[in-house]
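Q: As they're listed, the protein sequences go chains Y and C.
Each residue of the first sequence is one higher than the one before, starting from 31 at the first, in my numbering.
Each residue of the second sequence is one higher than the one before, starting from 31 at the first, in my numbering.
There could be a bad hint or two in this list.
The list cannot tell twin chains apart, which means a pair is met if one copy fits it or any two copies do.
[As the list claims (entries may be wrong)] In the BS3-like style, the derived pairs of lysine-lysine whose C-alpha atoms are separated by at most 30 Å in a straight line are: (1) K339 with K281; (2) K245 with K134; (3) K134 with K278; (4) K73 with K49; (5) K278 with K53; (6) K245 with K118; (7) K333 with K161.
Since the hints were made in silico from the structure, they are not lab data.
2 protein chains.
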Amino acid sequence: MKKHNFSAGPCILPEEVLKEASKAVINFNNDNLSLIEISHRSKPFINVMNNAKDLVRELLNVPQDYSILFLQGGASLEFLMVPFNLMKINGNASYLNTGIWSKKAIQEAKGFGKVTISGDSSDKNFNYIPKNYEIPDNMDYFHCTSNNTIYGTQIKNFPNCKTHLVCDMSSDIFSRKIDVRKFALIYAGAQKNMGPAGATLVIVKNEILGKTNRKIPTMLNYQTHITGESMFNTPPVFPIYVSMLTLKWIKKQGGVSVIEKRNIKKAKLLYSEIDRNSLFNGTALIEDRSLMNICFLLNDESKKDMFDKMCEDAGINGIKGHKSVGGYRASVYNAMPIESIKVLVDLMRKLEKN
Amino acid sequence: MKKHNFSAGPCILPEEVLKEASKAVINFNNDNLSLIEISHRSKPFINVMNNAKDLVRELLNVPQDYSILFLQGGASLEFLMVPFNLMKINGNASYLNTGIWSKKAIQEAKGFGKVTISGDSSDKNFNYIPKNYEIPDNMDYFHCTSNNTIYGTQIKNFPNCKTHLVCDMSSDIFSRKIDVRKFALIYAGAQKNMGPAGATLVIVKNEILGKTNRKIPTMLNYQTHITGESMFNTPPVFPIYVSMLTLKWIKKQGGVSVIEKRNIKKAKLLYSEIDRNSLFNGTALIEDRSLMNICFLLNDESKKDMFDKMCEDAGINGIKGHKSVGGYRASVYNAMPIESIKVLVDLMRKLEKN
């Protein structure tokens, strides 16, 4: 029995993607060679890289004056690459603190200059997104995290920024339409809606680079990877290939706008049940609820073992909440079919009836 | 027909590894979930990570006071992590210049302090390994590249160093016995003898770290990854898994000493033919010849098209030499069966007879 995979990440990927990826590990491109034993400078792999970039550009409608990069190191490496590339010496950057990942980004930026926290939801264990905050003038950039996996909150409206808007979209990129033009730099670890762990997508407006006079080590300089077309050194071949397949799958579904509608429908189904069911409560402020990570608590702890057993018997995987919130977290990324959510909702109803 | 894959990297991996990896992309650990859609904090993946580390420790006989890390970013990121972690402020490090990768490492270190080139074979297009060089006193470390993929040279005897010996072993780790105790830090991109592109192995003597007073960004600090057990952030799950399978395969063959004997036999077969055959010449100094990358030239350019066609017809892949040396390069990594080398040698004989 295939499981209902609610894992927060690495997470569910489309089955047809997994099948094609599995095949490519044995025989890629019908060349009788494995994808992972050919040169990254060979035509078949250069095609993969170009297709992946083209699909990102098409799906997110990325303007031509932005570069699309596939890097390594995850969002955690971006936490330092962003200030290295964008913060002036003795500069100042504004950050929105909406959870553990924001905090880590803030911590890293402090190694490079002054950090101004423009909004902060730590007072309520990050269960909401700060609003009506002011971003001071003369900031080198403003940084925010679009979706907070652990707390189940999501920025619905990005601020109109006088400075460069930088966003960590690791956990909701390709899940909804975005206006790339609003952003100066977007980064995202692949391992939610894009592919397996081991690749990082960066979308950067070319003109913002090279302005800090900072001496940047080669591998940490975005310009290196723009010039090298994400092949300055050997790229993570398999994660990029699977990302390309997943992007192709998104396109086949009708693109990001179709995916977004589906995600709204999926999330609504589960949130409605959480709100209706007397046994459960959502943890995030309603207006800030994430479409990707749905966090909820069981009111009556004595029913926990029973519910956990029901979930396990139904093949539900990865639904345990993060320790800093507790309860449950259903991650319902793009590849999650609504049928799996229905299974969960049915169990919640059953539990209430019992 | 399965090809004879002489690619320089990413390169040939054992067939049984590819088969198991392919299966895991669909159903890993018989859990009815793909390896690439489960949490890296789940027990099955933590087992993979621990097995991979244990196998490295066992196969290379790594002492307990050394840490074993699986990182991202390839050797190119290590080029800057090494000076970041080991070079004192206003410090000085000694480097051996044996090719393009050494050069890149040197270039990067210059961003952190003074670099002393203790040996340099650029005068003869890197076709030999410098010997009898002096490493000055008071160096923060000495850095060398054990095998030079492009030029087909390999260090046979590592220097006895008063300072920390740091070595880029990307293209020959696990191909021969090494005495880890001689080294302070070893690093290697996975994509030759260890696995697919996207993981970097680091073996570091714990006591050498934390001595520079340099402020190191979190992700670039080896100590972060020691403390986080290579899980500070989401690791590159698939490349690490396939590396683990490859290390398991090495163990099954009888370990590194058996592999080394096999590699000597394989290389001897091809070098003997290069030396015997009137049409071919080896490019590297005989005593410095690499067991991994065998570079040779065709004396008579008019026979090139014929030989290339013969190779293609025989299913020989990736044998074109790097542009900076020309001719041919047969990369004969661990997973390359001697049968493939015999096919190549037979063609060389046939060409001479014609």
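Q: Hint by hint, say whether it matches the structure.
A: Structure-based check of each hint:
no.	hint	verdict
1	K339 with K281	neither (37 Å within a copy, 40 Å between copies)
2	K245 with K134	both (23 Å within a copy, 16 Å between copies)
3	K134 with K278	neither (32 Å within a copy, 36 Å between copies)
4	K73 with K49	both (23 Å within a copy, 24 Å between copies)
5	K278 with K53	both (16 Å within a copy, 22 Å between copies)
6	K245 with K118	both (11 Å within a copy, 18 Å between copies)
7	K333 with K161	neither (36 Å within a copy, 73 Å between copies)
Comparing the model with each numbered hint stated earlier shows that hints 1, 3, 7 do not hold.
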